[in-house]
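Take a look at the letters that make up each chain.
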Amino acid sequence: MKKTRWDKGLISMLISTLITAVIWVGVEVYRAYFKVNLPEGVEKHLIRVDTSLDVQVFDKLKERGIE
Amino acid sequence: MFGASLWVIMTLLLMIVMVVTALKPTLTTIADLWGQIEQRRDTIKKLDLKITDMQTVSGILSKQQGNFELLNEALPGGPEWETLAGYLEDSASNSGAKIISMSWGVIPVSGNIPVKTDEPVKNNATSIPEGTKAITFKIVCGGEYPQIREMARRIENLRRLSIITGFSIGRNQEGLLTTTIDGVAVYSGEVAP
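Chains as they are written, first to last, in my numbering: chain A, 6 to 72; chain B, 32 to 224.
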């Protein structure tokens, strides 16, 4: 009887350890997937450029004289 | 009973060892590579968008290149007071008015680089565009009323960004109608040293 109880305790501990290990692996996988791997300085080159230009300003300036 | 438990214990131990030593590094590496692939895909998409933007900007630039000189005339890098003085003289002569005197704020005596032209505009009511600098000017001119009015109109419509801060009309001792025009001429201050 004593041996059986000892077995049960050991099995419970092993199952807990296995669950912990699985959770740990899951967290590590999650971290590895979302880790930023881009080289330094790349991020600033990805910012989009504003392509709008108010060309009406040129027309207004043309209307104004230089004398 | 004990034999069966031993097998369970051995199996669990093996599973733990396998998870830690085999499964974890494999899955981590796969996730890492997968993440890198996704990030690079995203980077390529963003770069493509940026290239498209740059092509659009390049098209606009080549179309409007001839017009950028207008911006330099309107808002030059330096004070360029001598050019403005020429414009003001032309405005006066074309309107028939006669310039009696013309004075300027702090301007460089020689050389092309403005050194101490950052004098604050004295008239607090005048607000110049943010990040720009200005020099002050004052013109006293004489003539008939329509000529003076025409000159003021021409100054107000100058392409060079300038603001009239004060305007007064009076008669001098000889009975000539004179006007004093105070103003500021704005420049960007982005002259290369």
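No wet-lab data here; the hints were simulated from the structure. Check before you lean on any hint, since a few could be wrong.
Stated by the list, open to error - Which stretches of chain B does chain A cover? Using the computed rule of at least three CB atoms under 8 Å from a CB of chain A, they are:
(1) 70–81
(2) 85–92
(3) 100–113
(4) 159–173
(5) 203–209
Beta carbons are placed, not taken as given, at the ideal position from N, Cα and C, and that holds for glycine.
Point to revise | Violated hints - listed by number, lowest first | key: 4, 5
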